[in-house]
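Student: Following the hints, position chain B against chain A.
There are 2 protein chains.
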Amino acid sequence: MNSLDTFIFISLGVSLLAFLFAVWLYNWVKKRPADNKRIAEVGKLISSGSSTFLRKEYIMLAKFSSAVALLIFVFLPSPVWNGNVTDNIFMAAAYLCGTAFSAVAGVIGIRVATMANMKTAEAAKNGIKPSFMAGFRGGAVMGMAVVGSTLLGISLIRAITDDTSVLLGFSFGASSLALFAKAGGGIFTKTADISADLVGKVELGIPEDDPRNPAVIADNVGDNVGDVAGMGADLFDSNVASMSAALVLAGVLDGATGFNNSAMVMCYAASGLLASIIGVFMARMGKGGPTRALNKSTYITTAIFAAITAGATFAFGFEWRIWGASMIGLAVGVIIGVASNYFTDDSRRPVKNAAQASESGPALTILSGVSYGFMSVLPSLAGIGVASLAAYKICEPLGEGYPMFGIAMAAVGMLSIVGMIISNDAYGPIVDNARGLAEMGGLGDEVLEITDKLDSAGNTVKAITKGFAIGAAGLTVIALLGAFISEVNTAAAELGVAGLAGFDIMNPTVFFGMLIGAAVPAVFSAMLILGVGRNAQRMVAEIHRQFKEIIGLKEGKEGVVPEYDKCIEIATHGALRELVPAGLVAIVITLAVGFIGGVQAIGGFLCGNIVAGLLLALFMSNAGGLWDNAKKFIESGKHGGKGSDAHKAAVVGDTVGDPFKDTAGPSINTQITVVSLISSLAATLFLSFSAF
Amino acid sequence: MNSLDTFIFISLGVSLLAFLFAVWLYNWVKKRPADNKRIAEVGKLISSGSSTFLRKEYIMLAKFSSAVALLIFVFLPSPVWNGNVTDNIFMAAAYLCGTAFSAVAGVIGIRVATMANMKTAEAAKNGIKPSFMAGFRGGAVMGMAVVGSTLLGISLIRAITDDTSVLLGFSFGASSLALFAKAGGGIFTKTADISADLVGKVELGIPEDDPRNPAVIADNVGDNVGDVAGMGADLFDSNVASMSAALVLAGVLDGATGFNNSAMVMCYAASGLLASIIGVFMARMGKGGPTRALNKSTYITTAIFAAITAGATFAFGFEWRIWGASMIGLAVGVIIGVASNYFTDDSRRPVKNAAQASESGPALTILSGVSYGFMSVLPSLAGIGVASLAAYKICEPLGEGYPMFGIAMAAVGMLSIVGMIISNDAYGPIVDNARGLAEMGGLGDEVLEITDKLDSAGNTVKAITKGFAIGAAGLTVIALLGAFISEVNTAAAELGVAGLAGFDIMNPTVFFGMLIGAAVPAVFSAMLILGVGRNAQRMVAEIHRQFKEIIGLKEGKEGVVPEYDKCIEIATHGALRELVPAGLVAIVITLAVGFIGGVQAIGGFLCGNIVAGLLLALFMSNAGGLWDNAKKFIESGKHGGKGSDAHKAAVVGDTVGDPFKDTAGPSINTQITVVSLISSLAATLFLSFSAF
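Protein chains in written order, with the numbering used here: chain A, 1 to 692; chain B, 1 to 692.
Calculated directly from the structure, the hints in this document are not laboratory data. The structure presented is a predicted model; accordingly, all values stated were derived computationally and were not measured. Wrong hints could be hidden among the right ones.
Which bits of chain A does chain B cover? Going by a derived footprint, with three or more residues having C-beta under 8 Å, they are [said to hold, decoys possible]: (1) 369-379; (2) 403-412; (3) 491-505; (4) 513-519; (5) 529-535.
Beta carbons: idealized from backbone N, C-alpha and C, even for Gly.
Isolated chain A, as found in the complex (with noise of 0.2 Å):
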């Protein structure tokens, strides 16, 4: 046994230990006690119409896996009729498994955060430690599911092929499902969000969350397939990206050392998730409130993962200079995320200036956003670009080929925590959603001081782990840009043709690549907001439909209830209408560039796709943050409070950051993974097929 094959035994094993755990907690946040009928009631509601939304996706993304699945088994890695028909099948079988494994993480952490949705607001009775435990627990089941899947995956597929490029499968059925939990949820909860509001607040006049609403389950739906599932695809991708991404690379370093860095990146990843258990496992709220627990949760677990990978590097004779390169994109993870922070936090200048500004009407809560928003991709865009540098200056002595791979470990290194970081987040949505059944069942003021004070925490922490992933996703494209170039030269080497040292961007051909490549996230946002907008439409119609037709619906007659699920299907099937057409202009456009410009052109227009999309997502999820909280600010009392005109203004700037931060901002990181992995995969048929 070679100490590769060690480290995927040991994988294994974390991956086992953190499904374990996931049961241990599913378990533990089982038995806390729940007795109200209400929240039970229209907890099975928001429970059903999850599942509603979830199978239907995944009927819709079985058909395109299947099409996507014969087309590689046909195309990829090169034509069948060329090569080995067995490569073809195991990359057709991969691409199959990233999906399915992407999709059981995904129902496993819906399953519970639906249910510790109840626990946590029951639990809220009893004060504000055990109701913090339920809901920090049933979030941390999704983040062992996902983190534990990734490793589960990628060392199976390690220990049966040592071909490194079906990895790169197995991430491309990661992104494809990626695609659609984030984009596609994305859709689905601006189209309820905004739907219920217009109808709801604006032409009834009815209260938030009121039942008689048809589409108020639907709201309620999609902060879990949005939120919960759709970040947990996304984080699954970029993790699955990066590890993907450090083993292609570590595979041509390997060739020539043993597998040494192969088996550094899995031992790392492992750590990972090991840090991520302890950490999880010791997680308490102490006297400092929920937002300390939780960022103190975070630093435990980097500590620990840094102590641990240290520990290994002595112990198995890894390079330190690897190492060190994990450790900055840790490091540059947490100053993202801090300076994300900066402009969406109500006590700093940038919110407070853009609800002052929201006191002379809409247009300057608009205008002010954005001008902070765009400001805010400075200090991310700088960070990235400093990480990838000091990365690849730290491993440049190590010889050739070390500094991407030293890339792409500072991006597995940010990323390592990620099980710590999908806990956070999902919490989130489950103290939000908390809140919103505490009202329903009727708890009382205290319980809902203790789910405001619990959801606030959750909106705060979420700038640090934004800050990781938008990092981290920005250092995995750039490694898959590397893996790219090793998969060209593969084929090319292959083929006898010549390979590629790298993309001159006074080559017109790959300057040409790089315009496409910037304009398409624009595009490719612009058809998921207005995607929102015309599946909105069709929602508020359904609306109108119901209170004209259900008699005794609007006066909320004792026992008529609307059609929630009509809602839920209108938003299901309108989310994945709209959300089909941009995924397949993103992907056409990149096989256009790739069969007219070809491997060159290519290069250009991942470059492009990477500097315009990174800036377009940073821009959308801060302004959007920003105007979410300037105008909570202002409901908080300031500027005239609830119901003045500064507090209408900033509401509309809240609408348009809604689908900002929520759906196309987001979305873009899986965007920009899908065509960096179509690229990696199809090199070898724009080698053979190129017009240029």
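Tutor: Chain B only, in chain A's frame:
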């Protein structure tokens, strides 16, 4: 006399012809009859207000330029203690000439425009044709002055020195002025516009252009300083930059082949100006109305340019392939214009959909405008990409160095008819102001109907001309990237260090630069937009003060006039104050990247800056134009017309769009040119002193 001297001589002749033609046009406009006292009164206020702004701006610019000229003298092209003092003197002098030539053209343009306003208004009493001619020929004076100055300046410098890098100094001067004129003018005009509306329309409910409003004259002045002087300086800058880049690249080629290529640049530029003179002279309004007349003149000028250059290419034995590259530039300019038009034309779906969305409130107006704005970047970026790729490929068989020269000549081709473009562009604000004057002068409904028609033609034509401007800027900055490499290699040869072959994306120093470069246009735009907001607050305070302290003003008592000058002063002072930090940030970051990462980082920096800059410029310009036209579409009676909820929502969109399309969007071009030129000029310093 070698053939280059001949063409320099011809260019000088054509530029003098342009000035003579400008004088003739000026006198023609001046001779139009005018007798309305009220118009004369208001016109004088606008004219003197514009002069106030220009005076202040130029005083500030003089200080700034003196400081920069001193720095240039000390450090550029190489530190004065190392190099040849004469070179440094030449460089500093060329820089000052660049600012001065552009400034003079600006003064001429503003003078004529503020006179042509009045003539156009009064000519409308005799029908649409004479009114059109007054507006068009008034604008043409600016066109001739700008292009005449470009050709004069460049010919003179090229006649005095063979050192083409001195041209970059001249170009940098033009850019500095454009930064002040375009960004400063943009802040000025939107400050006045927003403040006048906020206090006048929103708070007091008095009509637009009401003479009681202290900001009303500042608002009219803004149209002139932003749209006439700013636009002129912007196109002067692009025109000089494209010619300079072409001449720098030609200079390298000419070392081997005689002065054929430089001669060709001069010949084409002179041909373009000649074609514009003929086109302007022949322009008449026929039965097709003003829009047709303007577009027809553009197409005629294009055809004349193609014919003259084909003749010259044949007669003087220039390369036909380079002629082809120029024609590609010209054709793509038209295509980009048509594509941009699609997104801002109120007979097309985007504007109609945005107007429709306004029925559901301002948030959906904003979301649909942002979405279509994002989409609009694809055709233009693809157009620029295809044009540069095609120009490169066509010229590739000519040998090394020619492909990049071909791209520069595509930019020169696109900008060749800039004399005509500026004439069309300046026509817009002239007839816009004429409309206001006709209203204030009480010239009656028939006249208003005519000026409305003329105004609407101005808006429509803008789409095409804007396409040229952005397309040309895109190609120019690519050519400047080529010029940068050429400058670096010249400097490297002198220093005896390794030169550059290109910039590899996979080099992390390049990638680092690219990420930072991409953030700069976002930060720059944000600072300008926030500057408009801050400046508007100052002006609103001043308007409040006047209404409070000047007794009888609010009531409109006879003989009581507001202190218009105070508002103009605030707008002027504030605009310059807000502009300087934005400009400095761009410059300081450029220098920081250069001194940290050296020329490799700068290559990536410029590339990221170009890609993200074009993306944001296109997005903001087109979204702004779309919102403006959606508002007008509703005002024409659709979706409830003026005063409806849809109209209120559309007004929010328009207010957001104003600084997008008139301040930040068009200033980005200039920002890109400024950092490109600084990079080229400081190439030696970066090579000698960078940290890596």
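Student: All the hints need checking, so say for each whether the structure fits it.
Tutor: Structure-based check of each hint:
1. 369-379: holds (count 8)
2. 403-412: holds (count 3)
3. 491-505: Answer holds; 5 residues pass the 8 Å Cβ test.
4. 513-519: holds (count 6)
5. 529-535: holds (count 4)
In this structure, none of the earlier numbered hints is contradicted; all agree with it.
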